[in-house]
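K.L.:
So for the sequence shown, the UniProt record's numbering puts the first residue at 1; every next one is plus one.
No lab work stands behind these hints, which were simulated from the structure alone.
Listed below are the simulated SDA-like cross-link pairs for lysine to any residue, each with C-alpha atoms no more than 25 Å apart in a straight line:
#1 64 x 92
#2 64 x 93
#3 64 x 38
#4 64 x 35
#5 64 x 31
#6 64 x 79
#7 64 x 86
#8 64 x 49
#9 64 x 34
#10 64 x 85
#11 64 x 36
#12 64 x 30
#13 64 x 53
#14 64 x 41
#15 64 x 52
#16 64 x 81
#17 64 x 47
#18 64 x 43
#19 64 x 94
#20 64 x 42
#21 64 x 40
#22 64 x 48
#23 64 x 32
#24 64 x 39
#25 64 x 50
#26 64 x 54
#27 64 x 33
#28 64 x 74
Since the model is a prediction, treat every value here as computed from it, not as a measurement.
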Amino acid sequence: MLDNYRDYPMIGELSHEDFLDIQIYLREREYPIDAVILRQGQHGDSFHILLSGTVEVYLEQETKVSVAILGPGQFVGEMSCLTGGGGQCDGSSD
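I would like the entire structure built from these sequences, with the hints used as guidance.
P.N.:
What follows is the structure, encoded as structure tokens:
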């Protein structure tokens, strides 16, 4: 399984032993276009590493304000996952 992820920053840099330690937590998921992956203020328990496609990260105010477009190898949801706090932005698949 590790060979499938060697090209992705962070995962590809792990030793074989470290990868085996986290492997039980890894789940591949596919999202349809425009699927909401993150909600501002929602407590998260998932740390998403993008393997393909893009995710638009945005703030929902009076209008939608785009903060970033993330692609393969980048990640989102880490802060709410690590701190247990609410997410700072919304995120949807593109």
